[in-house]
Amino acid sequence: MKPVDFDYEQAKSVDEAITLLTQSADALILAGGQTLGPMLNLRLVQPELLVDITRIDELVRVEASTTHVTIGACVSHAAVEDRRIADLGHDFLARVAGGIGYRAVRNRGTLGGSVANADPAADWVSCFAALDAEILVSGQSGQRIVKIDDFLVGAMETTIGTGELINGIRMPRLGASVRCGYAKISRKPGEFADAIAAIVHDPDRGCCRVVVGATDGLPLLLDNDALGLGPAVALPAVLDPGPVRDHLAWHMPVPDLYRLNVQCAVLQRALADAHAFPS
Amino acid sequence: MSTHGVGASVLRKEDDRYLRGRGEFVGDIQLAGTRHVAFLRSPVAHGYLRNASIPNECRQQVFVADDLAAVAPIRAHSTLPGFKSSDQPVLASGKVRHVGELIAMCVADTRAEAEDIVDAIGVEIEELPVLSDMLAAREAGAPLVHEEWGDNVFLTTDFEQDLDPIIARAAASVTRTIRTARQSMSPLEGRGVLARWDSRLEQLVVYTSTQQPHIVRTGLSECLGIEHARIRVVAPDVGGGFGYKGILLPEEICLAWAAIKLGHPLKWLEDRRENLIASSNCREHHYTITVYGDANGKLLAIDAEATVDAGAYSSYPFSACLEAAQVVSILPGVYDLEGYRCRTYAVATNKPPILPYRGVARCGVCTALELMVDALARELAIEPTEVRFQSLIGPEQMPFNNITSKHFDSGDYPESLRQVIDTIDLDSIRSRQQRGEADGRRIGIGFAMYTEQGAHGTTVYANWGIPMVPGHEQCTARLTPDGGLELRIGAHSHGQGLETTLAQVAHEVLGIPLEQTRLIHGDTAITPYSTGTWGSRSMVMSGGAVACACDELARRVLRIGANLLQCPVEAVRLKDGAVQGAAGSIQLAEISRTWYLKPQELDTEADPAGLEVTAGYKPEQDSGTFSYATHAAVIAVDPLTGEIELLDYVIAEDGGVLVNPMIVDGQILGGLAQGIGTALFEEMVYSTDGQPQASTLSEYLLPGPTEVPDAQIIHLETPSPYTRFGVKGIGEGGCIAPPAAITNAINDALRAIGVELSVLPVTPRRIVEAVAAASDSSLGKVTT
Numbered sequence: 402m403k404p405v406d407f408d409y410e411q412a413k414s415v416d417e418a419i420t421l422l423t424q425s426a427d428a429l430i431l432a433g434g435q436t437l438g439p440m441l442n443l444r445l446v447q448p449e450l451l452v453d454i455t456r457i458d459e460l461v462r463v464e465a466s467t468t469h470v471t472i473g474a475c476v477s478h479a480a481v482e483d484r485r486i487a488d489l490g491h492d493f494l495a496r497v498a499g500g501i502g503y504r505a506v507r508n509r510g511t512l513g514g515s516v517a518n519a520d521p522a523a524d525w526v527s528c529f530a531a532l533d534a535e536i537l538v539s540g541q542s543g544q545r546i547v548k549i550d551d552f553l554v555g556a557m558e559t560t561i562g563t564g565e566l567i568n569g570i571r572m573p574r575l576g577a578s579v580r581c582g583y584a585k586i587s588r589k590p591g592e593f594a595d596a597i598a599a600i601v602h603d604p605d606r607g608c609c610r611v612v613v614g615a616t617d618g619l620p621l622l623l624d625n626d627a628l629g630l631g632p633a634v635a636l637p638a639v640l641d642p643g644p645v646r647d648h649l650a651w652h653m654p655v656p657d658l659y660r661l662n663v664q665c666a667v668l669q670r671a672l673a674d675a676h677a678f679p680s
Numbered sequence: 109m110s111t112h113g114v115g116a117s118v119l120r121k122e123d124d125r126y127l128r129g130r131g132e133f134v135g136d137i138q139l140a141g142t143r144h145v146a147f148l149r150s151p152v153a154h155g156y157l158r159n160a161s162i163p164n165e166c167r168q169q170v171f172v173a174d175d176l177a178a179v180a181p182i183r184a185h186s187t188l189p190g191f192k193s194s195d196q197p198v199l200a201s202g203k204v205r206h207v208g209e210l211i212a213m214c215v216a217d218t219r220a221e222a223e224d225i226v227d228a229i230g231v232e233i234e235e236l237p238v239l240s241d242m243l244a245a246r247e248a249g250a251p252l253v254h255e256e257w258g259d260n261v262f263l264t265t266d267f268e269q270d271l272d273p274i275i276a277r278a279a280a281s282v283t284r285t286i287r288t289a290r291q292s293m294s295p296l297e298g299r300g301v302l303a304r305w306d307s308r309l310e311q312l313v314v315y316t317s318t319q320q321p322h323i324v325r326t327g328l329s330e331c332l333g334i335e336h337a338r339i340r341v342v343a344p345d346v347g348g349g350f351g352y353k354g355i356l357l358p359e360e361i362c363l364a365w366a367a368i369k370l371g372h373p374l375k376w377l378e379d380r381r382e383n384l385i386a387s388s389n390c391r392e393h394h395y396t397i398t399v400y401g402d403a404n405g406k407l408l409a410i411d412a413e414a415t416v417d418a419g420a421y422s423s424y425p426f427s428a429c430l431e432a433a434q435v436v437s438i439l440p441g442v443y444d445l446e447g448y449r450c451r452t453y454a455v456a457t458n459k460p461p462i463l464p465y466r467g468v469a470r471c472g473v474c475t476a477l478e479l480m481v482d483a484l485a486r487e488l489a490i491e492p493t494e495v496r497f498q499s500l501i502g503p504e505q506m507p508f509n510n511i512t513s514k515h516f517d518s519g520d521y522p523e524s525l526r527q528v529i530d531t532i533d534l535d536s537i538r539s540r541q542q543r544g545e546a547d548g549r550r551i552g553i554g555f556a557m558y559t560e561q562g563a564h565g566t567t568v569y570a571n572w573g574i575p576m577v578p579g580h581e582q583c584t585a586r587l588t589p590d591g592g593l594e595l596r597i598g599a600h601s602h603g604q605g606l607e608t609t610l611a612q613v614a615h616e617v618l619g620i621p622l623e624q625t626r627l628i629h630g631d632t633a634i635t636p637y638s639t640g641t642w643g644s645r646s647m648v649m650s651g652g653a654v655a656c657a658c659d660e661l662a663r664r665v666l667r668i669g670a671n672l673l674q675c676p677v678e679a680v681r682l683k684d685g686a687v688q689g690a691a692g693s694i695q696l697a698e699i700s701r702t703w704y705l706k707p708q709e710l711d712t713e714a715d716p717a718g719l720e721v722t723a724g725y726k727p728e729q730d731s732g733t734f735s736y737a738t739h740a741a742v743i744a745v746d747p748l749t750g751e752i753e754l755l756d757y758v759i760a761e762d763g764g765v766l767v768n769p770m771i772v773d774g775q776i777l778g779g780l781a782q783g784i785g786t787a788l789f790e791e792m793v794y795s796t797d798g799q800p801q802a803s804t805l806s807e808y809l810l811p812g813p814t815e816v817p818d819a820q821i822i823h824l825e826t827p828s829p830y831t832r833f834g835v836k837g838i839g840e841g842g843c844i845a846p847p848a849a850i851t852n853a854i855n856d857a858l859r860a861i862g863v864e865l866s867v868l869p870v871t872p873r874r875i876v877e878a879v880a881a882a883s884d885s886s887l888g889k890v891t892t
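Read top to bottom, the protein sequences are chains A and B.
Start counting the first sequence at 402; every next residue gets the next number (our numbering).
Start counting the second sequence at 109; every next residue gets the next number (our numbering).
Chain B on its own, in the form it takes in the complex:
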């Protein structure tokens, strides 16, 4: 392994500026003459907009739907059969469909004054019955979010199989209802937009906190009706994305429109309240699920119905089918099943649209299935790990096409389980449980496993037919006259460390020191088109593109070097940042300088293509990489108070070849923190009239340093057979399994008193109430 190339845990180049507070985020950018925007948002969840009274003195500073009549609504269609499209108006017109929906844009010299205008506007809304629960919204006769649909279902998807012959052979079955909460993604930096009209270039420039600058540009082009060439989108430093910054915002369109109309820059920075009540909703699944097993604990079949609360609109570009349609295809998890039946519903309600969040669909699916694995084990009175060993896809079966035709590329799933069992010492936990705890708490251990399809390719997304389908990922690599290397990519790095890891990839190919390589990203004017950063794809796709571009640069450098060394190209090689031949060697910097500044020293037959290359990359098979992991949690729970302490946490993951294992550890630990949030804390509660019950972080609890244990991480390495260097996408995995592992541990701890929880987050209150229900205790009795 090289000390700076693929596999080296070098420190992150970008951290110097981040840690010194020298990053530049949208909020840091100051443009002369900037005015500020505040939005009037709907105070009710469902109703007809009747009248907005705008005081005359500020009429010129307020814009409503009629003013933006020429702007097209956001429309994220899917070609999946039966998908119903929603038109999401940029500013509400006719009807409001969730609390927080934009009604008016107010412009003033400061944000505070803009908010004064918001407060001065009177708005009349004729309230309609509210759909706050997805199951109620599915029922016939429910009020309609989109009247023209006739029901509230964006999409129904099915996987049909006759399970009767399998059920006849099953020794056991368990049925449960499982529910995950609606959550709110909480990047440190919220969304933010600064838009200006560049009158010299006749170009709209939009600085926005996004993971997908090119997709935002395409979305702006479509909604505003102006050509791509007149739009430049810049994503500067971005303080965390997690999927929330992978959507086109109505606010982006509003500010872009107003910047053109008004001719001066406009800024809007989302505050935490807007983030919580109006924008960053995600997750929220409901499962009714039955699993069948044989007497040995082998999982035979799954029969499931899943409902996803997709909220009021289909968000661009991932659409409202993102979660529910994926549930069907990935619910079988890491297991080799004989039978599978699943129907999913993506349901419209009067809540904000659900957006992609790290571990899209996977987190809910893993929670549902892995809770069922443990429930089956309890039913059969065997170790939950035994059900897994009986049911896992074996390494000898790889590559493996599972029951839903997912192509699992490689891996040894049982080995990751074995390593976690050994490291966490299952036997000692069982002995400790036998002994009991002096303080009256109960100890439990829980496991969860998943695969994480990453770097989904053209064939995968073409099937969904949403507004974007990824193709070849490109990189432009350029040697500068002083021998430095510029890498331009269309994906975006906002915590992933790509400024470091892509330099490592380039170093692997060209031998250029990391400090001489600069990653340029986040600007549509100077980077190749890309669908951006999402779906655990950047290392596979952008990494592959960087390698391909550097391969071609190497070929060109070798030709120039051979030319300068006066020998055939076959007689030279690239090593340690220099072209080496029998008669001597030439540093890349010298080759660069010669090409750019002293071309007279080159023969006339020198390659005219120069030292700038744009290359595209796609894995040999584009159905995605499948990293995977086993997580295990040991917890202590106090049955009286419902308090949970995480005592130990072990992860054995296989992300193929890791470009920078230290960064992968960071990704896993960050994901674990979010997974703990899903398991124990985060819940965006809505009242029956559709009002969000958390508008600050004192009501929406996030895990912090005191809630995240010091996890042990074990790396397995099964290289992907299809990708450059054998890498696999790992960006989301950390957050997928913790809810299932932790909930299984809690259920393991409380098994002896007949308690099983299946609603996330598992809060102290839910535990206390479940304990009371199980012991048939009532208020006034001592429960423990």
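So here's chain A without its partners, still in its complex pose:
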């Protein structure tokens, strides 16, 4: 199938992109095109205008301060995988990036596009949730900063509004004793995951976030107290399977044995990953 007829504009700046987006009722942002391309071809989206934001210098920037790293929305997965950006700690982002789709997808797909699409099975969605990342959103009235938990509303749903675009993702620098773990279970490498777990255990910053992703909706941030987790206690090598299973089952809107089993398994694998990767 081929797309419907649409106009195409290449924005040179964030402001120009926002102006273009507000001029058309049916404008869509084109970044890496790894989701949008197939959706256009299948005519699942039929825009009047595509605003290409990949040539905007601001959106491929990387700003590293002592406390944060901010990555422009159009930085590719491959750039992260190839360690062309500053490490937050524990080589976490690069390790996650290397497992996204296939290399051809990683070459073009972008961090901002992935978050904007908000597919629950997308790696960055769970990863950013575990990192407690902030999404920088640009609009006509300037820039707003939204915590990832507030940015994501549901499966394929975010709080991004008309005439807005993701400018970048801001993530904290992690402490010296941080342990990060990531695991996913998918039918084969490169396919969307059936289950994801992402763990950031950072005692120096008083943070412990354990996330189960690839759900039907939002990434599930596990309740530290219920599972004996927390920044003040060492990250365990394994979790007691009983309480974890109960916890996950309780959060599952529709009982699904397979889903539950792979979520239980993937959590243990992410823990193992956190301990296996040298600090």
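None of these hints come from the bench; they were simulated from the model.
Hints should not be assumed to be uniformly reliable.
What the hints assert, rightly or not - Restricting the straight-line Cα-Cα distance to at most 25 Å, the calculated cross-link-like pairs of lysine to any residue (SDA-like) are:
| no. | chain 1 | residue 1 | chain 2 | residue 2 |
| --- | --- | --- | --- | --- |
| 1 | A | K589 | B | S803 |
| 2 | A | K589 | B | G548 |
| 3 | A | K589 | B | G812 |
| 4 | A | K403 | B | E165 |
| 5 | A | K403 | B | I229 |
| 6 | A | K589 | A | D657 |
| 7 | A | K589 | B | L296 |
| 8 | A | K589 | B | L805 |
| 9 | A | K589 | B | I229 |
| 10 | A | K403 | B | A216 |
| 11 | A | K403 | B | I137 |
Once you've looked at the hints, dock chain B against the given chain A.
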């Protein structure tokens, strides 16, 4: 063995252009003035077409059934008793019978604009109850796909025998229900058609991605009502066939009709969505099967009922009986049985017609029977390999007419099993199972065996009475004035490597270097008629034809050579590409040049027939070659997540004399990949209202490089007693056994916790649910 002839693993001639992207496929061909076609397809599975509203501004660009009133429907009849024919309209008229059925053809300057027209057409369909399940469709009172039939059964076939005396002696029996999924064949290149009217020759030229250009030509001739001489079908480079390109497409007929009517070229390239939802369906068997064995594990008898979901129509030329009728004749597999009873149903449903896919019927049959062999072994608490050793047809029995009168030409089945057992080291796997795995996974080993009837001949197909029956396969061989050799065949090569292997055959006979031999195929204007490439026949049939044509060329070359050497023909021989006599030798190139360009140097009694020969070939016995193999898989399964890892895979196959063992290895490995797809991944799910649930490859999972293990292949060689060089067809074998071997391995791994799977593909979800059912676990309990 010669270094370039039969038996040599030379690199493939065709790969240079393929690997450099210099192949030419239908989509690559550009003709001036070409317009593009998109089809409006039925959005519902079953209903009466009531009204199509076509906007006035594009009415001239849209064609519906009424416009094609003079075009005959596709009709693939079989003379098997009781077969009910279906008329497959080229564009739906009256009724739609599956999602994706063609309703209208839309023509525009680009494909995108043609799709805009498709979107602008409104179509009213009065929906009818949908038959999405073949077992429900068999029941009395079910809605009817073809009202005039009275039921939904294309064909029932039987093999009847009184099993009671055998059952009385049996020490054990097991009964199972086994189901294989409906699949979608996935060649890299989909179908594609480019049609034009050649006003100079008054000839329709159809470029199409097909395995059977001559059969497409015959089908077009019949449906369009124009003589063969006015149709030329060209199959250029074809990006994989596997059977999907062995059928006449309604789209081919539509474009051919429109090219004549409109006078300009028309192109349609199938996209992956069309491929998945509307066209390339295959497989889907259901078995209820009981096997009986004696106390030693010898298989005594099989009692089976098989149902095949044939979809809405009988496809041309193989018909809707292709799978079900073959199931009856090949279910007994490689075993020497006393008793056999089988009834099969080819059932019509509101799904796309099932089409032949590599390992037609064999894959389902092998899955059903080989799962039962292991189930019987578990029942008797003996090694599954022991049941096989007890039951296999022995080499001393060859050639062997089995219980359904299949004539197994040659082979040593037990030896292939022995070699696989040794190579995969069954004993060490059993020891490892005893020790257990540190990571909680379970290890299993599974075996599967099959025979692959290939190169079916006239007698086999005459019994089925479908629109084509293969006869003698022909080759035209021509020496060119510079000593090159052109081979023209009516079969088609689309991955098989025939451009190389047929040159090897010619080299074996004539000694001409491979680089001086060119294979010309895929064009009905310049090749001999052929039923094409299907049924693992090309090496046997086209290879035999090439050899016969080259034999005759050799005779003629010897006569000319003797003439030029001034000696009797008995005194010369053909060696190293030259005619050699006592007094000297003459290169073939010189003989060719003399014949074509310097005939004054030949005596007047020189043979006038020249250096172009068309010869036909048929094996001495045409009931088919029977290659065979044993496959074994070692797997690890995680009972918690259902994840499967293939740890080892061994194949011992016997394809008789192999013309190019490297190419055979490639065929086997490609087949293995497809077999892994059948076993673990591929499933075209339909909703109860007949909607396909996969329309992209993210929903229809195919195995890729990370899913295919590095298999070990062992070659046995029992030459066929009936074919030239002793070759046997091997093209399909690789994909037949993996589903059974892998499923048996999974069941072996899970045996201790009481789990047995019999529905393909064996997905993680199915494993998890089976484990839970066996441990009577429910949601909320820890299952492992």
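Against the structure, test the hints numbered earlier, and report the numbers of the ones violated in rising order. 9
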